[in-house]
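Please construct the entire structure, taking both the sequences and the accompanying hints into account.
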Amino acid sequence: MSRLSYARTAAALVLVSGFFTGLTQAAPGAHGPNGEHLDGPSGTSRASGLMRLPDGSVNAPKLAQRRMGIRTQLAPVTAAAASVQLPGQVVVDPNAGGRVQAVYGGRIEPGPKGLPVAGEAVRKGQVLAYLRYQSEPFAEANQRSEASELRANRITAEQRVKRLESLEGTVPTKDIEAA
171 MSRLSYARTA
181 AALVLVSGFF
191 TGLTQAAPGA
201 HGPNGEHLDG
211 PSGTSRASGL
221 MRLPDGSVNA
231 PKLAQRRMGI
241 RTQLAPVTAA
251 AASVQLPGQV
261 VVDPNAGGRV
271 QAVYGGRIEP
281 GPKGLPVAGE
291 AVRKGQVLAY
301 LRYQSEPFAE
311 ANQRSEASEL
321 RANRITAEQR
331 VKRLESLEGT
341 VPTKDIEAA
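Counting along the sequence shown from 1, when you hit position 83 you're at 253 in this note's numbering, and nothing is skipped either side.
Check before you lean on any hint, since a few could be wrong.
Distance ranges between label pairs, derived from CB positions [what the hints assert, rightly or not]:
hint, residue 1, residue 2, range
1, Gln313, Gln235, 52 to 58 Å
2, Asn265, Gln235, 24 to 30 Å
3, Arg237, Ala288, 29 to 35 Å
4, Gln296, Ala252, 54 to 60 Å
5, Ala317, Thr340, 34 to 40 Å
No lab work stands behind these hints, which were simulated from the structure alone.
The beta carbon of each residue, even a glycine, is placed where N, CA and C say it ideally should be.
Structure follows, in structure tokens:
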């Protein structure tokens, strides 16, 4: 092989290797442009089925909507009432269960007929259970201190009334009545 053909071959190899090196540098590799992994599950992946989103809304894909018979229609622009009241009756499925939640924390105690079981018929106004308030130890201590302070104030006021009543002739009647 001549020196010239050897130089051409070497130059061609350098060009080809430089080309492939440039391609590997331009590829994103294992990370995306913001540093996220491309091979792992992404946070914005689209699920193929029904799913509840973290904000409480439900994602229903078109296929699931078609199966459930949900169709999108444009609503006509008309005057409508702000709310509509519909008569109804709440029927809880005994197989599904129900939940009653209190606004305040406490302890549940059974009503006069005991706690109802799933599927048992109840009527309006029936006492199902009692909710007994159960305060925190810190709140109980505050209540005890306020109660003792009020007791002390009452005793002081009673003593003042007795003292003023004993001085009935020297103290005006309006001061005794005010005490």
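Against the structure, the hints come out as follows:
1. Gln313 x Gln235: 52 to 58 Å: 56 Å, holds
2. Asn265 x Gln235: 24 to 30 Å: Given range 24 to 30 Å: holds, Cβ gap about 27 Å.
3. Arg237 x Ala288: 29 to 35 Å: 31 Å, holds
4. Gln296 x Ala252: 54 to 60 Å: 34 Å, violated
5. Ala317 x Thr340: 34 to 40 Å: Given about 35 Å between the Cβ atoms, the range holds.
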